[in-house]
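Participant: Each chain is listed here by its residues.
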Amino acid sequence: MAEPIDVGAEYGSAVDDYLTRAYDGDRCRALLSAGGWDAGLAAELAELGWHGLAVPERHGGLGAPLSSLGPVFTALGRHLAVGPMLENTLLPAVLHPHWTIAPALAAAVETGVPVALVDPGITDDRTADVGAMTLHDQRLSGAVEAVRFAGQASLLAVVAATEAGEVVCFVDPTTPGVRIDSVDSADPATAFARVALDDVRADGAAPADGGELVARIRSWARLLIACELSGVADHALDRTVTYIGQREQFGQPIGSFQAVKHIAADMYAQATGLRNLCTASLADATDASTADLAVLAWTAKAHAAEVAVRVCEDAVQLHGGMGFTTESDVSACYLRTLALRSWYGDATELQLRIGAALLDRV
Amino acid sequence: MTVQPPSAPTESLDAFRTRARAWLAAADIPEVPRDIDSRFATLRQWQKTLFEAGWVGIAWSKQAGGQGLSHLHHLVFVGELARAGAPQPIGLIGLEVVGPSIDRYGTDWQRHELLPRLLSGDDIWCQGFSEPNAGSDLASLRTRAVADGDEFLVSGQKIWTSWAHLSHWCALLVRTDTSVRKQAGISYLLVDMTSPGITTRPITQMTGDREFCEVFFDDVRVPRANLLGGVNEGWAIATHTLGSERAGATLRRRVECEVALDEALDHLRAARGSSSDDRATAAVGRAHVAMRVLDAQTRQTTARLVADTGPTPMDSVDKLLLTDVEQIVFAEIAALLGPLRAVPGARARGLLSQRWAYEHLYSRAASIYGGSSQIQRTIIAERLMGLPRG
Ligand SMILES: Cc1cc2nc3c(=O)[nH]c(=O)nc-3n(C[C@H](O)[C@H](O)[C@H](O)COP(=O)(O)OP(=O)(O)OC[C@H]3O[C@@H](n4cnc5c(N)ncnc54)[C@H](O)[C@@H]3O)c2cc1C
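From first to last, the protein sequence lines are chains A and B. Quick note on the numbering used here: the first sequence kicks off at 1 and runs consecutively. Quick note on the numbering used here: the second sequence kicks off at 1 and runs consecutively.
Simulated from the structure, these hints should not be mistaken for laboratory data. Glycine included, each C-beta is placed from N, C-alpha and C at the ideal position. Hints are not guaranteed to be accurate.
Only part of the chain A face toward chain B is listed, based on derived beta-carbon distances under 7 Å [said to hold, decoys possible]:
#	residue
1	T111
2	V113
3	V130
4	Q246
5	Q249
6	G251
7	P253
8	G255
9	Q258
10	A264
11	M322
12	L358
13	L359
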C-alpha cells in the first residue's frame with residue numbers, strides 16, 4: 001500500500017500563487033478570446049523558469065522528475081491558462097538528449113517560443129481523418145490536420161512511421177517543402193495549424209527504439225492533460241459553489257434546493273476522485289515500465305476526459321442562462337474540456353486500449 | 001478503536017504479510033456453500049479458525065482481545081485473505097460496526113463479557129437500527145424501552161436486520177424518551193437474541209438469499225447492565241458505530257472488488273483464447289478505470305485511518321465513489337453474460353452466470369445501505385461545500 005505522495009506539490013502551489021496574482025481576471029478573460037496564443041505570456045513564463053522544471057540540471061533546468069509537472073498542469077487548468085505549456089515543458093525535458101541536434105528545444109525553455117509536436121497519434125480512432133507521416137531515407141512526407149501551436153513554433157518535432165516503429169524527427173519549419181496553415185480553433189486556450197511535409201529532409205532524428213520514446217511522450221502528454229482537466233474541473237466546481245450560494249430564486253439561494261445540492265455534491269465527489277486519481281497516477285508513473293506507464297496514462301486520461309466534461313456540463317446547468325454565455329468562466333471551462341477530452345484519446349477510445357492490454361496480459 | 005502503543009517493536013508490514021501468506025497457504029480454506037444456513041455455519045467456523053491463529057481483531061487492542069497491531073496490518077490481512085480466495089469472517093457486523101463501540105463506550109463487564117466471544121465467532125452480532133418507518137430518518141425510530149427495576153421492557157419492530165435469525169446478540173437502538181428532540185431520546189441496548197419475546201422473520205432479498213429479517217420485540221426484558229453508555233445517550237454512540245468503521249469497510253470492499261475483477265479477467269482471458277472480443281474489451285477497460293479511481297481514493301482513506309482522524313464528512317465522498325465504482329464494475333461484468341444471465345448454471349465468456357449476476361444484484365444495495373447515496377450527497381453539500389441547509 002503506497003503512502004500518498006504528492007510529487008511536485010510545491011511547484012503546483014508556486015504556479016497557483018503566481019497565476020492568482022498575475023493572470024486571473026481581466027487578463028485571463030482577454031487571452032481566452034485571443035486565439036490561445038500570447039507571445040508575451042509565453043516569454044513571461046519562460047522568464048520565470050517554468051519550462052525548465054523537468055529539464056536536467058546540466059542543461060540549466062531544475063532537474064525535477066516529470067511527475068512534478070502534474071501539479072503544475074493542475075494549476076494551469078485551474079486558472080484556464082492559455083498557450084503551449086505542454087510543448088514547452090514536456091518536449092524539452094523528454095527530448096533533452098537531442099538538444100545538440102535540435103537547439104530550438106533549449107530556446108523554447110529560455111524564450112517560450114514553442115516546439116510543436118506533429119503527431120498523427122493524437123487519436124487511434126479514424127486515424128485517416130487526422131493524417132499520417134512517414135520517414136524514408138531521412139525524408140518525411142505526410143500531413144497532420146491539427147497540430148497545436150505549429151504556426152508559432154521554431155521547431156517541429158515530427159512523429160513518423162518507419163519500418164522499425166515510430167520515431168521522432170526534427171524539422172525547421174522554414175525548410176522548403178514544409179507547409180503550415182493556421183486553422184480556426186474551438187479551444188479557447190490553443191492555436192492550431194495544419195502541417196504538411198512534402199518530401200522534407202529531417203534535420204535529425206532520435207535513434208529508432210521500437211517506438212519507446214514516442215510511447216513515453218504520449219503517455220506523459222496524457223498524464224499532464226489529465227491533470228490539466230482535473231484543474232479545469234476544480235475551477236468549474238469552485239465557480240459553481242460560489243454562484244449557487246449567492247444566486248437567489250423563490251426567495252432563497254438556489255444552493256439550498258436539494259435538486260441543485262445533489263448535482264453539486266456529485267460534482268464535488270467526482271472532481272475529488274479525479275484529483276486523487278491524478279495524484280496516484282503520477283506517484284505510480286515515476287518508476288513504471290513503458291508498458292505500465294501507458295496503461296496508467298490511458299486510465300488517468302480516460303477518466304479525466306469523462307469526469308471533467310461531466311463536471312463542466314453540470315456547472316453550465318447550475319449557472320442557468322448565465323452558464324450559456326461566453327461571459328461566464330464555466331462556459332470557457334466547458335469548451336476547454338471538450339477540446340482536451342479527445343486529445344490523445346477520450347474515454348471510449350482509451351477504455352478499449354486498456355481492455356485489450358489487460359486481456360492480452362498473461 | 002484504541003490501539004495500544006506496542007511494548008515490543010511492531011512487526012513490519014512485510015514480515016506480517018509473509019507470515020499471513022504462509023499461514024493461508026497451509027490453511028484449510030473452506031468452500032462457501034450457497035445455502036444460507038450452511039454458509040453461516042461454515043463461515044462461523046472459519047472465523048473461529050482465524051481467531052485461534054491470531055488473525056481476528058488485528059488492529060484491536062490486546063486488552064480487548066485483539067492483536068494490538070495497526071490498521072495497516074489489518075488491511076494487509078484483508079487483502080491476503082481475498083487474494084487467497086478465502087472468505088471474510090462472518091461476524092463483520094460485530095467486528096467492524098458494533099465491537100468498536102462496545103470497546104469505546106462499554107463498561108468493564110460489557111467489554112470482558114462480550115468482546116472475546118464477538119472476536120472468536122462464538123457470538124455473532126446483528127445491528128437493529130432500521131425500522132419500517134425509520135430508514136434514512138433513523139432518529140425517528142419508535143421501538144420503545146421502558147425502565148422496570150433492573151431491567152428495560154422493550155417492544156417494537158426492526159427491519160432489514162442482516163443475519164438477525166442466526167445471530168446471538170443484537171445492538172439495538174430504542175426510544176427511552178418521547179418528550180425531547182428525537183435524537184435526544186434514544187438509548188443503545190445490547191440484547192441477547194435468545195431472550196423470550198423476540199421473533200425473527202427472514203425476508204428474501206432479490207439475490208434469493210434470506211439474509212436480512214424483520215425482528216419483533218414483545219415485552220422483551222433486557223438487564224440494565226446491557227445498556228451501552230447512558231440512558232438517552234444512544235444517538236452519539238450510534239453515530240460512532242456508523243461512522244468509525246466506515247473507512248475500514250470501504251477499504252475492505254475495495255479489495256474485494258479488485259479481487260473479483262481480477263478473477264473475472266482470468267475467466268475472460270481463458271475463454272477468449274486468441275480471438276478478439278470487442279464487447280469484453282470495452283467492459284474490462286471501463287471496469288479497470290473505475291477500479292483505479294477507487295484505488296486512488298482509498299489511498300487518502302488509508303492516510304486518514306493511519307492519522308486516526310476519526311469520522312469526517314470526507315467519508316461520504318468515499319462512500320459515494322465506492323458505490324459508483326462497485327456498481328460500474330459489476331454491471332460491466334454482468335452485462336457480458338448476455339442472455340445467459342437468465343440461466344444461473346450457464347457460462348458466458350467463461351463467466352459463471354449465477355456468480356456474477358449475484359455480485360451485480362448485491363452491488364445495487366450499496367447505494368441504499370449505510371446511508372443512501374442521496375443522504376451522502378446532502379452531507380457533502382452541507383458539510384463539505386458549505387451550501388445552505390434546505
Ligand atoms: C442489504 C441491506 C442490508 C441492511 N442491513 C441492515 C442491518 O443489518 N441493520 C439495519 O439496521 N439496517 C440495515 N439495512 C437498512 C438500511 O440501513 C436502510 O435501508 C437505509 O438506511 C435506507 O432506509 P429505507 O430503506 O427505509 O429507505 P428510505 O429512507 O425510505 O429511502 C427511500 C428513498 O428515499 C430517499 N430519501 C430518503 N430521505 C431522503 C432525503 N432526506 N433526501 C433525499 N432523498 C431521501 C433515499 O435515498 C431512498 O432513495 C440494510 C439494507 C440493505 C439494503
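Participant: All hints, please: hold or fail.
Facilitator: Hint check:
1. T111: Status violated, d = 37 Å.
2. V113: At about 37 Å, which exceeds the 7 Å cut-off, the nearest Cβ of chain B leaves the hint on A:V113 violated.
3. V130: This interface hint is violated because 21 Å lies over the 7 Å limit.
4. Q246: Not OK, violated: A:Q246 not within 7 Å of chain B, min 11 Å.
5. Q249: Interface hint status for A:Q249: violated (13 Å vs cutoff 7 Å).
6. G251: 12 Å, violated
7. P253: 5 Å, holds
8. G255: Since chain B brings a Cβ to about 4 Å from A:G255, closer than 7 Å, the hint holds.
9. Q258: 5 Å, holds
10. A264: Holds, because the Cβ-Cβ distance from A:A264 to chain B comes to roughly 6 Å (cut-off 7 Å).
11. M322: 18 Å, violated
12. L358: 5 Å, holds
13. L359: At about 6 Å, which falls below the 7 Å cut-off, the nearest Cβ of chain B leaves the hint on A:L359 intact, so it holds.
Hints 1, 2, 3, 4, 5, 6, 11 from the list above are not met by this structure, while the remaining hints are.
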